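We have chain A; now place chain B onto it with these hints.
Protein chains: 2
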Amino acid sequence: MQPIKIVIIGGVAGGATAAARARRLSENAQIIVLERGPYVSFANCGLPFFIGGEIVERDKLLLQTPESLRARHNLDVRIQSEVVRIDRARKCVVVHDLSSDKTYEESYDKLILSTGASPIKPPISGINLPNVFTLRTIPDTDAIKKAVDPGAKRAVVVGGGFIGLEMAENLRKRNLSVELVEMLDQVMPPLDREMASAVHHALRQGGVGLHLSDAVTAFEQNGKKIAVTLKSGARLPADLVILSIGVRPESKLAGDAGLELGIRGGVRVNKHMQTSDVDIYAVGDATNVVDFVTQAETLFPLAGPANRQGRIAADHALGRSSTYRGTQGTSIVRVFDLVVAQTGAGEKTLRQQAIPYRKVYIHPAHHVGYYPGSAAMHLKLLFSPDNGTVLGAQITGREGVDKRIDVLAVAIQARMTTYDLEEMELAYAPPFGAAKDPVNMAGFVACNTLRGDVVNVHADDLGTGCLLDVRTKAEFERGTIPGAKNIPVDELRNRREELPTDGRVVVFCQAGLRGYVAARMLAQLGLEAVNLSGGYLTYRAFHPESSRND
Amino acid sequence: MQPIKIVIIGGVAGGATAAARARRLSENAQIIVLERGPYVSFANCGLPFFIGGEIVERDKLLLQTPESLRARHNLDVRIQSEVVRIDRARKCVVVHDLSSDKTYEESYDKLILSTGASPIKPPISGINLPNVFTLRTIPDTDAIKKAVDPGAKRAVVVGGGFIGLEMAENLRKRNLSVELVEMLDQVMPPLDREMASAVHHALRQGGVGLHLSDAVTAFEQNGKKIAVTLKSGARLPADLVILSIGVRPESKLAGDAGLELGIRGGVRVNKHMQTSDVDIYAVGDATNVVDFVTQAETLFPLAGPANRQGRIAADHALGRSSTYRGTQGTSIVRVFDLVVAQTGAGEKTLRQQAIPYRKVYIHPAHHVGYYPGSAAMHLKLLFSPDNGTVLGAQITGREGVDKRIDVLAVAIQARMTTYDLEEMELAYAPPFGAAKDPVNMAGFVACNTLRGDVVNVHADDLGTGCLLDVRTKAEFERGTIPGAKNIPVDELRNRREELPTDGRVVVFCQAGLRGYVAARMLAQLGLEAVNLSGGYLTYRAFHPESSRND
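Order-wise, the sequence lines are chains A and B.
According to my numbering, the first sequence holds residues 1 to 550 in order.
According to my numbering, the second sequence holds residues 551 to 1100 in order.
It cannot be assumed that every hint is accurate.
As the list claims (entries may be wrong) - The calculated DSSO-like cross-link candidates involving lysine-lysine, where the alpha carbons are at most 27 Å apart (straight line), are:
#1 B:Lys696 - B:Lys821
#2 A:Lys473 - B:Lys610
#3 A:Lys60 - B:Lys1023
#4 B:Lys641 - B:Lys703
Don't read these hints as lab results, they were simulated from the structure.
Here the structure is a predicted model, which is why all the values come from computation and not from measurement.
Bound conformation, chain A alone (with noise of 0.2 Å):
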């Protein structure tokens, strides 16, 4: 029998994997990677942290060369080849050798496509001049670097997802000023809009000039700058200018050769990550998932699951029934010294499947606060109003905000609902936690409104009522709701004929805790007692001009 053939277009990510994973499978399959870069296998998630310095030797982002994954893997690997075409038909693909500039067929059994995605370049005048980079591959970064060696000073960066926030912040590791412009009025989209705000916080503690609901007009060379002027009048100057406006899956190959494609113009796929042509899979950035918590067609142009991907498709192709369960969308970023990280389903995402939720703020401390080093997160959890199954989490905070949200991960992954977050048993030492970990408190408070030991409101929308607020006199006078009425807590109880007997308190304190006491307590003296969730520094999160007294 004619050993089987696999040939997989894109040696990055889901590419290379797929690429190793069919070789432990087959020892005798024919295995080629078409890479149409000069470099297979590299760390795409660190080419920011070269740039600014972190990663000093350049060869540690290239993982893999082409020889060596001939000699631990006996895979035919050719770079700088780019395909051009797929003919289903004959079951060939033409590749374009761009070394020799020759063209060429090969033929294949089984087909992998991890074209991964494009960065968005929209048609906005001197974009294409030669200071304004996108970053995706190891010529981009060089280039970039090549940029920024030689002394430059300024730089725009223009979109705040990932990529524009780890060059904003490895620009200014460089010492370069750096301007952010966000057409939106948050980074990070698919962060709720409240969460950003401490992203907002810190990317200005980092130095960055922060344009939100702003946008670039033009680029214009002048001289060896480039003028970048902005909706808003704006005028910035720039030595080079950073485009991270979002990526676009690559999926021309795929719609020429007729395969169907999903939302946002990604490939679609089954849950085995074949094409519409059963002989055809695709990977990784280039295809569409499936949400995991609302079932929706997406896009999550995310290394994990695009690794995850290559291996399922290379076991399929080699007749094992391997699935894949869809995409959650865990992500996480360092942005300066803040860690915003999330997962599953956002505020907006859920707004817009119509699905049911509710929500809840909490600011715990990573761990005990006798322990030195103790610092706030600020944690907010999604989910659902029936059953209290975990919809979604995002995280702001410093250490362990990526332990929290990989233990929610799970949570969703295993359909877990806010009772099992309560009897979560985690690791605890001084060091690392807490007896009630920040998972377990986030449970514990979820679960009261979902009892109704408590009503919860939140800081859009207080409704009326008299507003309390429960903390200390001089907290009180640091800054507080306007209009609130101060009555501490532990005064409560001896001072409760200073509440009007009818009509709604909204009870609030700092992170929400005291609050809840308080309005368990009024509430059982027979009141109308609301608590505000997440406290006053989550009022100050959707509220930040509110906030400048602090």
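Using the frame of chain A, we list chain B on its own:
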């Protein structure tokens, strides 16, 4: 209607939690907390760090006072109040007020026992000498600190459990020389022996003298010093001795009252934390629990479960149906710069309970190797041979150990399988992990054995066959398993004729991955190849005497 009267014996951890929870549920309940000692709700897990100086202010250990608990929660907290007897027939307790030396009765509707556990003091000659300490309370802490502060030079720690290890480290931080004596051949008995190797190494690196498989036969006062005599004949001089041999449940009160006791003297409770008397609950270290994995009755003196149980007891006493799901034994300890964590059942427990299991070892990095600061961790995963259900995990390492053990703890809680670990979508950016997280890797490696893609052997039983080291020549020359032949994996396809054509080949590399690749290759070439799980690193953990040259 008369408000319900709840009496709680013990004002730390579970007792304090039960009291606060009871108040939140019922504003008019009468709640009395009877605490034998002079402090309530103190930070018992922080005591070693205060002695070591990491926690500087003693006040930080005192989380609450009777006054603060009265103000916040309207609790009647009585310190120095020892309950000497429970009169179940008359539903009252007899209280000895230690400050006034008076005795009185206090009736209850519901009684919650949170009496804790007391350090074991075996009948060794001299064990009651003044400078032989146990550590459980604030007064214990004060006494130890008083012995250390004037410039103590030498300490002997007896017992290598959590407190013993934390005290060894913290006394070293105070510049004492420290000798640790442990009866078993390893510290941290719940950990499997080979995983304890890293802890032994960390202790020795930290300057702790380690006396394993040895025991104290006598303490003798020798001027101002104590002479500690060991079974081995060694005599260790010490300014102070810390006994941390373990704890036993303080269940005498319960036993005297005729309440049913369970294994190793713990108070037996049902899933609502009710003892054999429906009006009496027991929580925390005094209580037997069901092991969540093995379903056996056991003892797990841990802070998280104690707090959780306190909440459940209060819930149930006030008419809610809350239940406790059992304890997994998730725990963590920092030993100098090593972090050691575990969750679920260890190999010892599984053997004891005759539960079938498989195991794998991996040594993944916390985060991608190209980002600075990447360090390896050592992970052992135990799972069901039938369906891959995760049974337990043990990890040693530095950064990120706590995160992975928490992720695996949730996996156990959700009864997830190794197939689920493969699919986990955890947060990845270069500083935080890898596109294939260590937990994913553990899943891959475990599933490879379940799917029959590779046959693993373990370092405690290599079996017969040709030992093949597939690492590089340089690695081989730095040390290998006696009798091994070296063919680097990348040369194996071309040098296969150097291998015997029949008989078994036991392949190994450094950490297990290259060995897996090689074993797959050889198996497909028709050889009987098995892979050593965890490679040479795990071999050395099993055979620490073999690692002298590193």
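Outcome of the hint check:
1. Annotation: proposed proximity of Lys696 of chain B to Lys821 of chain B is violated, straight-line Cα distance about 43 Å (limit 27 Å).
2. At roughly 22 Å between alpha-carbon atoms, Lys473 of chain A and Lys610 of chain B fall within 27 Å of each other, so this suggested pair holds.
3. A threshold of 27 Å between alpha carbons decides the hint, and for Lys60 of chain A with Lys1023 of chain B the separation of about 22 Å falls inside it, so the pair holds.
4. For the proposed pair Lys641 of chain B and Lys703 of chain B, the alpha carbon gap of about 52 Å is over 27 Å, so the pair is violated.
In the structure shown, a violation is registered for the earlier hints numbered 1, 4, in ascending order.
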